[in-house]
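Peer 1: Taken in order, these protein sequences are the chains called A and B.
Numbering follows the working numbering, in which position 105 of the first sequence is assigned residue number 1390; successive positions increment by one, without gaps.
Numbering follows the working numbering, in which position 147 of the second sequence is assigned residue number 1432; successive positions increment by one, without gaps.
If you are wondering where the hints come from, they were derived from the structure by calculation, not from laboratory data.
From a predicted model like this one, the values you see are computed outputs, not experimental measurements.
Remember, identical chains collapse to one label, so a pair may be satisfied in a single copy or spanning two.
Cross-link-like lysine-lysine pairs, in silico, BS3-like; alpha carbons within 27 Å at most:
(1) K1748 - K1714
(2) K1421 - K1321
(3) K1421 - K1648
(4) K1355 - K1648
(5) K1684 - K1355
(6) K1648 - K1321
(7) K1299 - K1321
(8) K1650 - K1684
(9) K1684 - K1657
(10) K1421 - K1355
(11) K1299 - K1355
(12) K1355 - K1657
(13) K1299 - K1748
(14) K1355 - K1321
(15) K1355 - K1650
(16) K1714 - K1684
Protein chains: 2
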Amino acid sequence: MSTHPLLDPSARSKVAQIVSGISRAITRHSLPAGSKLPSIRQLARDSGMSPFTVTEAYEQLVQSGLVTAKAASGFYVARRSQPSPRSAPALSQLPLDTDWLLTGIYDQDSHGVMAGCGWLPEHWYDQEAVMRVLRKTAREQAISLRYGQPKGLQALREHVCARLSDQGIASSVDNIITTQGATHALELVCSVLRVAGQPVLVDDPGYCNLISSLTYQGCQLHGVPWTAEGPDLAALEALMAAHRPRVFFTNPWQQNPTGASYSPRVAHGVLRLAQQYDVMIVEDNVSADLLETPAHTLAAMDGLNRVLYLSSYSKSLSPSLRVGYIAAPARWAESIMRVKMLHGLTTPALNEQLVLTLCNDSKWKRHNQRLKHRIQEATSDAVSRFEQLGWQVFSPAAKGMFIWARPPHDSTALLQQAQQAGIFLAPGKLFRPDEQETQWLRFNSAYLGQGSFWHCLQQQAQK
Amino acid sequence: MSTHPLLDPSARSKVAQIVSGISRAITRHSLPAGSKLPSIRQLARDSGMSPFTVTEAYEQLVQSGLVTAKAASGFYVARRSQPSPRSAPALSQLPLDTDWLLTGIYDQDSHGVMAGCGWLPEHWYDQEAVMRVLRKTAREQAISLRYGQPKGLQALREHVCARLSDQGIASSVDNIITTQGATHALELVCSVLRVAGQPVLVDDPGYCNLISSLTYQGCQLHGVPWTAEGPDLAALEALMAAHRPRVFFTNPWQQNPTGASYSPRVAHGVLRLAQQYDVMIVEDNVSADLLETPAHTLAAMDGLNRVLYLSSYSKSLSPSLRVGYIAAPARWAESIMRVKMLHGLTTPALNEQLVLTLCNDSKWKRHNQRLKHRIQEATSDAVSRFEQLGWQVFSPAAKGMFIWARPPHDSTALLQQAQQAGIFLAPGKLFRPDEQETQWLRFNSAYLGQGSFWHCLQQQAQK
Chain A
1286 MSTHPLLDPS ARSKVAQIVS GISRAITRHS LPAGSKLPSI RQLARDSGMS
1336 PFTVTEAYEQ LVQSGLVTAK AASGFYVARR SQPSPRSAPA LSQLPLDTDW
1386 LLTGIYDQDS HGVMAGCGWL PEHWYDQEAV MRVLRKTARE QAISLRYGQP
1436 KGLQALREHV CARLSDQGIA SSVDNIITTQ GATHALELVC SVLRVAGQPV
1486 LVDDPGYCNL ISSLTYQGCQ LHGVPWTAEG PDLAALEALM AAHRPRVFFT
1536 NPWQQNPTGA SYSPRVAHGV LRLAQQYDVM IVEDNVSADL LETPAHTLAA
1586 MDGLNRVLYL SSYSKSLSPS LRVGYIAAPA RWAESIMRVK MLHGLTTPAL
1636 NEQLVLTLCN DSKWKRHNQR LKHRIQEATS DAVSRFEQLG WQVFSPAAKG
1686 MFIWARPPHD STALLQQAQQ AGIFLAPGKL FRPDEQETQW LRFNSAYLGQ
1736 GSFWHCLQQQ AQK
Chain B
1286 MSTHPLLDPS ARSKVAQIVS GISRAITRHS LPAGSKLPSI RQLARDSGMS
1336 PFTVTEAYEQ LVQSGLVTAK AASGFYVARR SQPSPRSAPA LSQLPLDTDW
1386 LLTGIYDQDS HGVMAGCGWL PEHWYDQEAV MRVLRKTARE QAISLRYGQP
1436 KGLQALREHV CARLSDQGIA SSVDNIITTQ GATHALELVC SVLRVAGQPV
1486 LVDDPGYCNL ISSLTYQGCQ LHGVPWTAEG PDLAALEALM AAHRPRVFFT
1536 NPWQQNPTGA SYSPRVAHGV LRLAQQYDVM IVEDNVSADL LETPAHTLAA
1586 MDGLNRVLYL SSYSKSLSPS LRVGYIAAPA RWAESIMRVK MLHGLTTPAL
1636 NEQLVLTLCN DSKWKRHNQR LKHRIQEATS DAVSRFEQLG WQVFSPAAKG
1686 MFIWARPPHD STALLQQAQQ AGIFLAPGKL FRPDEQETQW LRFNSAYLGQ
1736 GSFWHCLQQQ AQK
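Chain A on its own, in the form it takes in the complex (with noise of 0.2 Å):
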C-alpha cells in the first residue's frame, strides 16, 4: 500500500509518510503550485491509511505552508507568495520572551505546532470570502484615492454603531475611530490617556503586547489578579487605593491568555470601583465576533461614559486586513481623531469597505457561526485531554481559544522538550508585570489537533 507515489515509505510514523510524501512531491514540482491534493477519503482508499490519519497529515501540511484548504473544496498545492519559511531561523534556536512573541512568531508562523499562539490558523478563516468580496469590490467600486476621513470610513462606522446598539452600546457614528487593529487602538488610547510614566493596572495575566508597550512608555504596571469569574474585587480595589492609577486596561470577554470572562457581579464591581476611585476603564474586547452571545460589557453598563471600549476584525475575519475600532466618550473621541491623525493620518478606505462587506455577507457570517462553533470543540476537546493528563485548566468551561493550564510537575523541562519537538509553548510569564514566574501557559487550542502535541505532553508526565 505505501506504493502511492504520494507516500514516503522511509518515514516512521504514517502521518509523516504523507507528509514527506507530499513535501517532496512539491519540492520536485511533481505537484505543481495550485494543483489539488487528492480528497481526504481518496487518498485514505487509495494508501489503505484511516482518514484520520491523512487528515492530520493535510492539518500538518497546511501549518507548514506548503498546502492551502479552501473551504467546500478541498485541498490544493499553496501558490507562495510568502517567503520560503526556510528564512527564518528555526523554532529551537530562538529565545522564547517577550520580544520573540512580539515579532519573532510573525516570522516563524507555519513552523512546527504553534501551540502557544495567539491567533487561528490560516485556513481556518474564510478565504473564499475574502477574495469574493475583494473581486466584487475591484469590479464595482472605484477606489477612492484621496485620504479617507480622520474618523474612517464613514459607512464602516455606521455599521459598528449599529452592532454595538444591538449589544447595549448607544452610541452615534462620532463615538467611533477606526484603527488598524486592536493594538493600534491601544497605542492611541494610551497617547491620549498620556499613560507614559504614569501608574496604570492591567489584568494579571494580560495581554502580552500590551505589558510590553506599558513598560516600554515607562508605566508603572500593577498586575490585576484574575479569579475564573474576572479580576479579584477586594485586590482592584488595593490596587486603585494604594496607586491612584489614571487606567485600568482589561480584556473581559474570553480574556487573552486565561479564556475567562467577567461574572456579572465583578462587571458591576469594577465599574463601581472605578467610579469611586475616579479610573478610567478601557475595555479591550477584541473578540467580541466569536462570542457565542454577545457580552454585556462594561461600556453597555456604563453607558460609554468611562470606558473606553474597542474591538478588530482581526480575530474573526483576518488579522491581515489590519481594521479595528475605538468607540469613545464624545469628550475623548475628538482627541483620540487627533492622535490617530498625528501618529499616521488616515486609515486605508480600501481594507476598511472591505470589512464592511465581509460584514454584510451572508456566506461569511455562516462562515463566522461555524467558525465558533470549531473553537469551541476543540477547546472543549483540548482541555478533556489536558484534564485527562492531571493538568489543571483555569477556566475549564471557556469557550474561545484560550486555554491557560497548569502542568502537574515543573513546566521547565516541557518547554525545553516542547522547543526541541518544534511545538510552540508560550510560558505564563510573557503574560505577565516584569515576567514574574508562573507554571502556568496559555494555549490556543486551533493548534492542539495534532497527535504530536498531545504525545510530547504525555512523554513529559511519564518522566
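Place chain B on chain A using the hints.
Peer 2: Relative to chain A, chain B alone:
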C-alpha cells in the same frame, strides 16, 4: 445658446452656468451616477462656449466630487461611496488653525478651491492603473489572511532596496521597514529616538503635522531657518551648539512648504555639523517619486549611518493606500520594527502588494512621468502669475507642487476674503514652531488653475 439642457442660464458667469446646470441635472438624477458627460469639445461646440470655459467648469465639478475624470476616457457622474459633502461644515465656518489642517481639511477635501492643500487632486492620480492592479490582484493572487512579516512585505522591501541602490543608498532588505505612510514613519522614528520632552530641530518653515506631533510630545522645538538652498548652516550650528538636540528632522527635497531643495554644499554642511555635534538626521523624502531626477540624498552621502531615511507612495501614487517606508541603519532597524509591532503589529500585505504591482506597471510609470510634467507646468504657470501680481516667491525655480509666497500687502485681509469666497489658503504660521506669525503662505500649484483663485488675489491687490 444657453438653452442647452446642461446649462443654468440664471448663473452669472459662463463657468457657473455649466457647473450649476450639471450639478442640478445630477441632483435631479437626469444625469444618473456613472453616466458620461459630453466631451469638453462637444459641450463647447453645443453651448457656443470656449473649451477653456468648459475645462474650468469640469475641473470645478471634479473638485466638488460630483464628477469623476477618467484618464483618456472622459468625465463621468461620480458613484458616491463617500458621504455627501454637505455633511462637512462650510469652509467659511471653520477656524484655519493647525488643528484644522490636521483633521478638518480631510473632511473638507473637494470643497471650494483647495489652494493650500498638501496633496494632489484625486483625479491627477492614475485611478485606472489602481483599479487595473486591484482587479489583477483579486483575480490572480490569494491574499494571505495571516499577519504579514514584522518589517513588511518582503517583495516590496526588496523593491525599495533596489530603488534606493539606484539612488546611491546602499541598504539590505533588513534595513527597510514598511509603514502606513510617511507620518506613521515619523511617529515610529520619534518613539525609537525617544524625543519626547527633548530638544529637537525642525525645518522653519516645516511640515505642519510633524510640528504638531512633536509639540504634542512635549519636545522643545527649535526651527532652523531655510534659505532657497536649504537650512542656514550658521544658524544650524548655533542651534546645535546652544541646545544640544538629539535629532534634526528635515525634508530636503521639494520641501513642504517652501518647495526648495538642499544644494550640495548645504547637504554636505548639514552632515558635517551632525557629525560634529552628534545629532541624528531624520531625512523625510516624502516626494521622492515626484523628483525630476533622484536627489543626492543625505542618506546616500552618509552611507545610512546617522541618517534615518523615510519616504512614501502617498504623493505619487495615492495617499489612500497608506504605504510608506523607513530605511534605517542596522542598529536602529530592529528597534523600529519592535516599536512598529508594539504600536499596531504588522502593516497590511494587500496594500503593500498593490503598491509593488503598481510600481512595476509600465503604464503607471508613464503616468508618473506625465504627472511630474503636469506639476512642473502648473508650478511654473503659478509662479509667473504670482510674480506678475507683485508677490515674492521663495523658490521660483522649484518644480514640486508647493509654492511658498508672500503678498505685497498684509495677508490678514486676504485670508479672510479668500475664506469667504470658498478658497482655502494655508497661512505660513501653521508651518512654524509655536505658530510664529509670518506673511508667507503655502500654495499647492495643482489647485491654482482656476480663474476664481487669481480673481480673488487680484481683487485683494486692488484694495
